[in-house]
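Trainee: Single-letter residue listing:
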Amino acid sequence: MKATRKLLYLALFTAQSLALFLFEGLIPLPFTVPGAKLGLANVITVTALYYFPQAKDVFIIVLMRTVLASFFGGGPTVWLFSVTGGFFSLAVMALLKAGGRFSLPTVSAAGGFAHNLAQLAVAYFLLDAPGLWLYFPLLGIAGLGTGLLIGIATMGVLKKIPPWRGEK
Amino acid sequence: MQIPRKKADIVLLAVLLLLCALPLWRLSSEKASVRYVQITVEGEVWRKIPLEGLEPEEIVISTRYGRNVLLLDGEGVAMVSADCPDKICVAGGRIAQVGEIIACLPHRIIVEIRPAEEE
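Chains as they are written, first to last, in numbering that gives the first Met the number 0: chain A, 0 to 167; chain B, 0 to 118.
The set of hints was computed from the structure by calculation and includes no laboratory data. All values reported here derive from a predicted model rather than from experimental measurement. By construction, the Cβ of each residue, glycine as well, lies at the ideal position given by its N, Cα and C atoms. Don't take each hint at face value.
List of simulated lysine-lysine pairs, BS3-like, C-alpha gap at most 25 Å [said to hold, decoys possible]:
(1) K159(A) with K1(A)
(2) K55(A) with K158(A)
(3) K86(B) with K96(A)
(4) K158(A) with K5(B)
(5) K96(A) with K5(B)
(6) K96(A) with K55(A)
(7) K36(A) with K86(B)
(8) K1(A) with K158(A)
With beta-carbon atoms standing in for the labels, derived distance ranges [stated by the list, open to error]:
(9) P129(A) with L53(B): 47 to 57 Å
(10) L21(B) with K5(A): 35 to 45 Å
(11) L16(B) with D127(A): 22 to 32 Å
(12) E51(B) with A18(A): 46 to 56 Å
(13) R63(B) with V156(A): 40 to 50 Å
Which residues of chain B face chain A? A few of them, derived with a C-beta cut under 10 Å, are [as the list claims (entries may be wrong)]:
(14) D8
(15) L15
(16) I108
(17) I109
With the hints as constraints, model all of the structure from the sequences given.
Mentor: Dropping the structure here:
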């Protein structure tokens, strides 16, 4: 029974983050920095991190989201970028959250920063072009800013949903 | 709405913000008037073209991923068309300064302006 509840919630979170991901794709953004985006789907990632007792469940959500999103467009190369960014960002956020010293928006901002750092690192290894790091000042700041906003939005979401009552 | 204002929060955010500026010192140290354009495809240098005195020229880059068209002249270089879905390389516009870069990640193409001394 309890395992079913968890499966259901994981599926629900995955579906919601995929919906947000596709919704964001419909909004044209004036950014010309490659890779800079709002990352709306991460509202669900951060919510899940603070909702489920174990971070490993959130990795499942991120993995499923990126795999499903790559079916909608992008393919393997783009998937490599999103899964590396997503996993590294989540690992950083899980560690910072476990440390207990930082508030949620800060954890989320560091996650956004880590996400863009990881994606740039993938691009660097894939293309072997050190010049790519010149994008980093803009991408890093963009990650911090969007991460902070995503964190603030997440706090609003967490207030509205009842606490997790399933198994640990 | 709650903005982080604990000391630990502010210290971490400030450190990350400072890290963002790290690649900048390298950019400012590279100033040169004689430049060339280096086109890298799938991690390997494909062509190096000196910019000075160059007549406007179109270069087509065909890879197994797709087709890109570059427009070069004596002043700089721009990606004028690409058949990738996002067109980020085209939207980025024209580059002219040493250290500037156009990247087309879906087609694994990097176009850089480099100082001529490196040759």
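Trainee: List, from low to high, the hint numbers that the structure doesn't satisfy.
Mentor: 3, 9
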